[in-house]
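Engineer: Mapping of the sequence shown onto the numbering used here: position 209 corresponds to residue 209, and the numbering continues sequentially without gaps.
Note that these hints are calculated values from the structure, not bench results. Here the structure is a predicted model, which means the values were calculated and not measured. Careful, some of the hints might be misleading.
[To be verified] Label pairs and their in silico Cβ distance ranges: (1) E52 <-> S189: 26 to 34 Å; (2) Q150 <-> A119: 33 to 41 Å; (3) D255 <-> Q149: 22 to 30 Å.
[Said to hold, decoys possible] Mimicking PhoX-like on lysine-lysine, the simulated pairs with C-alpha atoms at most 25 Å apart in a straight line are: (4) K155 <-> K84; (5) K135 <-> K84; (6) K265 <-> K155; (7) K96 <-> K265; (8) K96 <-> K155.
All C-beta atoms in this analysis are idealised placements derived from N, C-alpha and C, irrespective of residue type, glycine included.
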Amino acid sequence: MHESSFNQQAFEIALEAVREQLPLNSPGMGQSPPIPLQVFDTLPSTNQTLWELLNQTATVPTMVIAGQQTAGRGQWGRQWQSPKGGLYLSLALAPKLQALDSSQLTMCSAWGIATALRAYAIPVSLKWPNDLLLKGRKLGGILTQTRVQQGQITKAVVGVGINWSNQVPESGINLRSFWQPEPSPTVTSIEMLAAIVLQGLLSGYQLWSEEGMNSLLPRYLALFNYQGSQVMVEGNPGIITGVTPRGELRVHLHDTPTPKEILLKPGTISLGYRSC
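From just these sequences and the hints, can you work out the full model?
Structural biologist: Below, the structure written as structure tokens:
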């Protein structure tokens, strides 16, 4: 394993500054003791490696960061392009949550990370169910995986990928290009970006675990960029009206014999990208 270009000491210094800028409601969360971190140059998948560590001696919470993934996966097994220059981070948690509500982990993570980035003048919005958007293009995504016993989640791994300086497809954007042609970056290194993402993830998780979906959902919807958008469902036109506490997409079908609202589970349809 080659030495990683990610500087762990720089990350720890950045994290101290980010904590002052974005304090958690419960100051001890994620800070005392520090979350164990393992950094790698290249991995097949940060989520996969973190699960392997949890099978050995790693405790919850634990974090893994890689400079590149060779077998990264997004939702529903889709390939997640993970070239060098991106941030690839996974965090292990132990939520008290029914398996049926697992989408709540993705929602609180997405909201927390987006809110943290917005505090640094990066106007991120949310695309259902798991994407982070910037200027209508994909800045990053989240993949949540869980272990379940008797209908209850016992452990969860939240994987996050953010485009920093890596090459991206036409539908994507990285932060370096966002700050051009007049670069005035509010985030100056990938280590600082990792600190912001971690603090945002912990902030969203804390809000959800302490106050529940009644507090989280309105905040999530405030950053959801597709409210009122038109969508086709099995040939029927509809309007997106929101997201449920279980992460289902609310769609009002208006051309059916009887207008009705339907709820779509993640993976049922894919929303396109649109300008913010």
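Engineer: All hints, please: hold or fail.
Structural biologist: Consistency of the hints with the structure:
Between E52 and S189 the CB atoms are about 28 Å apart, so this pair conforms to the stated range of 26 to 34 Å. The beta-carbon spacing between Q150 and A119, approximately 39 Å, falls within the hinted interval of 33 to 41 Å. Distance hint check: the CB atoms of D255 and Q149 are about 44 Å apart, inconsistent with the given range 22 to 30 Å. Distance check on the hinted pair: K155 and K84 sit about 29 Å apart at the alpha-carbon level, beyond 25 Å; violated.
Between K135 and K84, the direct Cα distance comes to roughly 22 Å. Compliance with the 25 Å bound is thereby established for this hinted pair. Taking the CA atoms of K265 and K155, the gap is near 22 Å; set against the 25 Å cutoff, the hint holds. For the hint pairing K96 with K265, the CA-to-CA distance comes to about 22 Å; that is within 25 Å, so the pair holds. This hinted pair checks out: K96 and K155 have alpha carbons roughly 9 Å apart, not beyond 25 Å.
Of the hints listed earlier, those the structure fails to meet are numbers 3, 4, in rising order.
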